[in-house]
Amino acid sequence: MSIPVRIPTPLRKLTSDQEVVDAEGSTVREVINSLEKTYPGLKERIYDEQDKVRRFVNVFVNDEDIRFLNESETAVKTGDEISIVPAIAGG
Amino acid sequence: MDKRPFFSHLQCRECGRRYPKEAIHVCEFDFGPLEAAYDYDAIRDTLTRDKIQSRGRSMWRYRELLPIEKEATVGLQVGFTPLIPARRLAEKLGVKELYIKNDTVNYPTLSFKDRVVSVALSRAKELGIDTVACASTGNLANSVAANAAAAGLKSYVLIPADLEPSKILGSLIFGTNVIGIQGAYDQVNRLCSEVAGKFGWGFVNVNLRPYYAEGSKTLGFEIAEQLGWRLPRHTVVPMASGSLLTKVHKAYTEFSKIGLVDSSEFSIYGAQASGCSPISTAIKGNTEVVKPVQKPQTIAKSLSIGTPADGYYAIRTMKQTGGTAEDCTDEEIIEGIKLLAENEGIFAETAGGVTVACAKKLIESGRIPKNESIVLCITGHGLKTQEAISDKVGQPKLIRPNLKEFEALLEPQAQAL
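As given, the protein sequences belong to chains A and B, one line each in that order. Read left to right, the first sequence gives residues 1 to 91 (our numbering). Read left to right, the second sequence gives residues 1 to 417 (our numbering).
Honestly, the hints are just simulated from the structure, not real lab data. One or more hints might be untrue.
[Stated by the list, open to error] Calculated lysine-lysine pairs in the DSS-like style (CA-CA distance at most 30 angstroms, straight line): (1) Lys198/B x Lys77/A; (2) Lys96/B x Lys319/B; (3) Lys397/B x Lys338/B; (4) Lys13/A x Lys125/B; (5) Lys198/B x Lys52/A; (6) Lys284/B x Lys13/A; (7) Lys397/B x Lys319/B; (8) Lys37/A x Lys198/B; (9) Lys77/A x Lys96/B; (10) Lys43/A x Lys291/B; (11) Lys284/B x Lys404/B; (12) Lys125/B x Lys154/B; (13) Lys319/B x Lys361/B; (14) Lys198/B x Lys43/A; (15) Lys291/B x Lys77/A; (16) Lys291/B x Lys52/A; (17) Lys319/B x Lys52/A; (18) Lys284/B x Lys52/A; (19) Lys370/B x Lys295/B; (20) Lys295/B x Lys52/A; (21) Lys96/B x Lys361/B.
[Said to hold, decoys possible] Label pairs and their calculated CB-CB ranges: (22) Lys338/B x Asp51/A: 33 to 41 angstroms; (23) Ser2/A x Gly152/B: 42 to 50 angstroms; (24) Leu410/B x Arg67/A: 22 to 30 angstroms; (25) Ala161/B x Glu49/A: 35 to 43 angstroms; (26) Thr73/B x Asp63/A: 36 to 44 angstroms; (27) Glu44/A x Thr131/B: 48 to 56 angstroms; (28) Pro4/A x Ala161/B: 37 to 45 angstroms; (29) Glu49/A x Arg55/B: 46 to 54 angstroms; (30) Pro20/B x Asp63/A: 31 to 39 angstroms; (31) Pro4/A x Gly183/B: 18 to 26 angstroms; (32) Lys92/B x Pro4/A: 40 to 48 angstroms; (33) Lys96/B x Asp63/A: 48 to 56 angstroms; (34) Arg67/A x Glu342/B: 39 to 47 angstroms; (35) Glu44/A x Lys338/B: 16 to 24 angstroms.
The C-beta atom is built at its ideal place from N, Cα and C for all residues, glycine as well.
Work the whole structure out from these sequences, hints included.
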């Protein structure tokens, strides 16, 4: 199923300046993997060499940080939205 | 002014990639924070103790070490708050040499946030930005609203809707646009991260964060200068995002590096409220992984950041310097506020209570030794969080205006003497 993914400013060079792009998958990881096929280079910005979400990246499914859900295995369904947000902000 | 630029570029703290001095805050490759980098050789050649002491008593006396390109234009009177030798509190805590860095009287909005805001807004003007904004737990909103008003900039402040009424009023009065978000600070912050850059605004703690954060260093510079150009052995700092703690460390390190103080060993300790203590919990669990706190529950709302941006760096700073972190309950926070007020005549907000309470625990447990110099950073005024303690400070004694009732009132005390 198609899930909209919100792309943060620092990554928009990879998505031809698109703020929201659609990708297929039933978990966060699957969606990001499918994004990588359309926008090569995107995945390594989000996942580190150990295949974990980078320290300074927050991923949300709708309004919830996936760290409070099932991390990258968090399930997504039609109507959900994934947001990738830089963690460094505030304070 | 020396012709060489002192502030040279922005640099990713993780991978070291260099970036231009624009309104950007994270690395495009690993999302690491961008930090201001300087030409320390150039600064060492020009900045002396005499030169600093000949300047006005504000944070701008250290301007070579701040990330702006021309002279400051916003917040020219900010900083250079008192460093108080806290003799009575020292006696209470059983320590030899204790100081309070008193940012409760910082100009103009009574918290250390005026330091970061004056740098962020000065830089915003250099970058041609006419509207500034922030995500705030209250103090930052007050400061952005006030300093933007004085600088003639438009402003928007985004805050959790359930903040203390005095902090909301303390923004509204300046004619800013206050937007209350129905959610916790971290949700406010996320929204700001998503909209920063979208409208060409300067979000002081998002896309202007590399500039903003550097303003906190001036707290550390002032401590070192006011101690007679030396570093305190122990410094206790309240932690929300952890940024202030890392910048006090950077300040001490820079002063040593450019020779304004002799290099000496120093330790930095972080203080949090137990109801929102992601950094302290990580330190106690001996891990660098900061587990976010989803629903902060403490009266120290100014420290209620469940996902601290600089948590990881704060942990590393404390570990590297031989410091550690502590946290305290709401009851201990109120005791801390009273301890400071009754012994030093300083009325701190809840975050100040956190710092005093945690320092007390660190001293009592022997983690901070009793015979070495200690500085407590008190970062905001108590009038801003009166609601938190209004039913904990007693009531005035009421009498009719006559001598008999007055004497009757004093009688038990007179007998006690």
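Quiz prompt | Unsatisfied constraints (hint numbers, rising) | solution = Violated hints (numbers, rising): 6, 7, 9, 11, 19, 22, 24, 27, 28, 32 and 35; every other hint is consistent with the structure.
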